[in-house]
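> Residues per chain are reported as follows:
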Amino acid sequence: MFRMGKDDHDAIRAVLAGDKDAYGALVVRHSASLFRVAFRITGNEADADDVVQDAFMRGYRKLESFESRSNFSTWIYRIAVRCALDKIESRKGLAASRVADETDLGVLDVQVMDESAGPERILLSGEMTALRQVAMGSLTATEQSAFVLRHMENRTTEEIGAALGIQPNAAKQAVYRAVHKLRQRLAPLRANA
Amino acid sequence: MRQLNAMDKVNEMNHLSEEDMILLAYGEGGDSAARHLESCPECAGAYAALKGDLKLVEQVEPPQRDEAYGERVWLAIAGSLPVYRPARRRWLGLTPVWLRGLSYAAACAVLVAGAFYAGRLWEQGAKKQPAVAANRTPQAAQKQGRQPIVVVVLGDHLDRSERLLVELKHADPDSAELAAPLRDEARTLLAANRICRHKAADEDDPELGTALGHLDRLLEQMANQPGGLNGAAIARLQNEMNTDGLLFEVRVLRSRIPAEQHAGSANEKGGTI
Numbered sequence: 029m030f031r032m033g034k035d036d037h038d039a040i041r042a043v044l045a046g047d048k049d050a051y052g053a054l055v056v057r058h059s060a061s062l063f064r065v066a067f068r069i070t071g072n073e074a075d076a077d078d079v080v081q082d083a084f085m086r087g088y089r090k091l092e093s094f095e096s097r098s099n100f101s102t103w104i105y106r107i108a109v110r111c112a113l114d115k116i117e118s119r120k121g122l123a124a125s126r127v128a129d130e131t132d133l134g135v136l137d138v139q140v141m142d143e144s145a146g147p148e149r150i151l152l153s154g155e156m157t158a159l160r161q162v163a164m165g166s167l168t169a170t171e172q173s174a175f176v177l178r179h180m181e182n183r184t185t186e187e188i189g190a191a192l193g194i195q196p197n198a199a200k201q202a203v204y205r206a207v208h209k210l211r212q213r214l215a216p217l218r219a220n221a
Numbered sequence: 168m169r170q171l172n173a174m175d176k177v178n179e180m181n182h183l184s185e186e187d188m189i190l191l192a193y194g195e196g197g198d199s200a201a202r203h204l205e206s207c208p209e210c211a212g213a214y215a216a217l218k219g220d221l222k223l224v225e226q227v228e229p230p231q232r233d234e235a236y237g238e239r240v241w242l243a244i245a246g247s248l249p250v251y252r253p254a255r256r257r258w259l260g261l262t263p264v265w266l267r268g269l270s271y272a273a274a275c276a277v278l279v280a281g282a283f284y285a286g287r288l289w290e291q292g293a294k295k296q297p298a299v300a301a302n303r304t305p306q307a308a309q310k311q312g313r314q315p316i317v318v319v320v321l322g323d324h325l326d327r328s329e330r331l332l333v334e335l336k337h338a339d340p341d342s343a344e345l346a347a348p349l350r351d352e353a354r355t356l357l358a359a360n361r362i363c364r365h366k367a368a369d370e371d372d373p374e375l376g377t378a379l380g381h382l383d384r385l386l387e388q389m390a391n392q393p394g395g396l397n398g399a400a401i402a403r404l405q406n407e408m409n410t411d412g413l414l415f416e417v418r419v420l421r422s423r424i425p426a427e428q429h430a431g432s433a434n435e436k437g438g439t440i
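Chains as they are written, first to last, in the working numbering: chain A, 29 to 221; chain B, 168 to 440.
I should point out that these hints are in silico values taken from the structure, not numbers from a laboratory.
Treat the hints with care, since some could be wrong.
[Stated by the list, open to error] To list a few chain B residues with every Cβ distance to chain A over 10 Å, as calculated:
{"#": "1", "residue": "Ala216"}
{"#": "2", "residue": "Pro230"}
{"#": "3", "residue": "Trp241"}
{"#": "4", "residue": "Glu344"}
{"#": "5", "residue": "Leu349"}
{"#": "6", "residue": "Ala399"}
{"#": "7", "residue": "Arg423"}
[What the hints assert, rightly or not] Pairs of lysine to any residue residues, derived as SDA-like cross-links and limited to a Cα-Cα distance of at most 20 Å, are as follows:
{"#": "8", "chain 1": "B", "residue 1": "Lys218", "chain 2": "A", "residue 2": "Lys120"}
{"#": "9", "chain 1": "A", "residue 1": "Lys120", "chain 2": "A", "residue 2": "Pro216"}
{"#": "10", "chain 1": "B", "residue 1": "Lys336", "chain 2": "A", "residue 2": "Arg205"}
{"#": "11", "chain 1": "A", "residue 1": "Lys209", "chain 2": "B", "residue 2": "Arg252"}
[What the hints assert, rightly or not] Take a look, some chain B residues computed to stay more than 12 Å from chain A by CB distance:
{"#": "12", "residue": "Ala192"}
{"#": "13", "residue": "Ala201"}
{"#": "14", "residue": "Gly219"}
{"#": "15", "residue": "Val227"}
{"#": "16", "residue": "Pro249"}
{"#": "17", "residue": "Ala338"}
The C-beta atom is built at its ideal place from N, Cα and C for all residues, glycine as well.
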């Protein structure tokens, strides 16, 4: 269906010359990797699917600004990270009041776990997952994205800054703040770990 | 060498900050920080605690996507992407110099004549232009080979979104037959809304972008509700998605569209963005 033999730069040249379908090869080639980072940042499949589509649409419209010396996978990855950032910013904006209620540490009470694997442990595991999600939800969109890129995608400070469109030092500070907040939020788990 | 020794002493005396330890944990800390850990049990303990906490935030393994995923993404977006027009004609590069010069001269002459003629036409047609723009459909604009601008009838989109929001607001969660039409309409509007959002972002219109972002969230939930849109989901959306606020935002946006772009018959509603 698509000319998979072509490399990314050939495909981009073809698109800019009027062959829209050549972009399909790029989409097919890079969708899975974009989905992975989008899922890690947004935390759910539906949002990640949206981010992948948004990223490729945004990338297509900006294709004329793509520099031939650059690597398309890095370029589209950065666009996807920005799209994911926008997505969680809009989600956090909508749910701001609800998140504030849910992240009240007083409300969260984690039971001390028992070492045996059983229904109680499964239940506790669910609570731990919920606590982690709430902890991640307490971060700003930038902090959450920076932390995911650092902790799960193993990106350097410079790469995080470039992906989020901020200075490396700001990226470093975002990671610091994220780790600091997460440690505070996850304190109840520490005793059980 | 003396300077390095002095720094080492300072490092031995000053404990590592949390920031130093975070850098170190992610492999970006310096050698001096690592050496300090070896000689300072207090910092070593704090560092071990940090590493333990980071382990609590487990690596999220994304769900697998099958091999056809990329093709599905492409099929979903291909329809809304315009075709790029080639930037220049390459045959000029292969012609002799004298012929190339002649070609440029001829092209200049045609350009001057064309500009003159276009100027005359512009003067005559200036008053008619808004009506033409309002009547142009996205398909017609693309067929005419315009710049790759996505033309969307924003007014019509907002009208339909407003109707959907009103229907959702007044929908009876116990009435099962309402769910399917609401879901279908949300799916249709979702694609148009996405194009509008991209255009709003391109044109740096944060107010429009934010409102369409809110609308997007609601449409997405209506269109892709797990297990389908049912009475319980409708009731939840009515309670959680602030439909009143969204309705207000949509009405404000619609009021921004010039009157001539959404006046007239239903088919002529809307303007280009």
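> The structure should be examined with respect to each hint, and the outcome stated for every one.
Hints and how they fare:
| no. | hint | result |
| --- | --- | --- |
| 1 | Ala216 | violated (8 Å) |
| 2 | Pro230 | violated (6 Å) |
| 3 | Trp241 | violated (4 Å) |
| 4 | Glu344 | holds (26 Å) |
| 5 | Leu349 | holds (18 Å) |
| 6 | Ala399 | holds (18 Å) |
| 7 | Arg423 | holds (21 Å) |
| 8 | B:Lys218 with A:Lys120 | violated (28 Å) |
| 9 | A:Lys120 with A:Pro216 | violated (24 Å) |
| 10 | B:Lys336 with A:Arg205 | violated (40 Å) |
| 11 | A:Lys209 with B:Arg252 | violated (50 Å) |
| 12 | Ala192 | violated (8 Å) |
| 13 | Ala201 | holds (18 Å) |
| 14 | Gly219 | violated (6 Å) |
| 15 | Val227 | violated (5 Å) |
| 16 | Pro249 | violated (8 Å) |
| 17 | Ala338 | holds (20 Å) |
Consistency note: the structure conflicts with the earlier hints numbered 1, 2, 3, 8, 9, 10, 11, 12, 14, 15 and 16.
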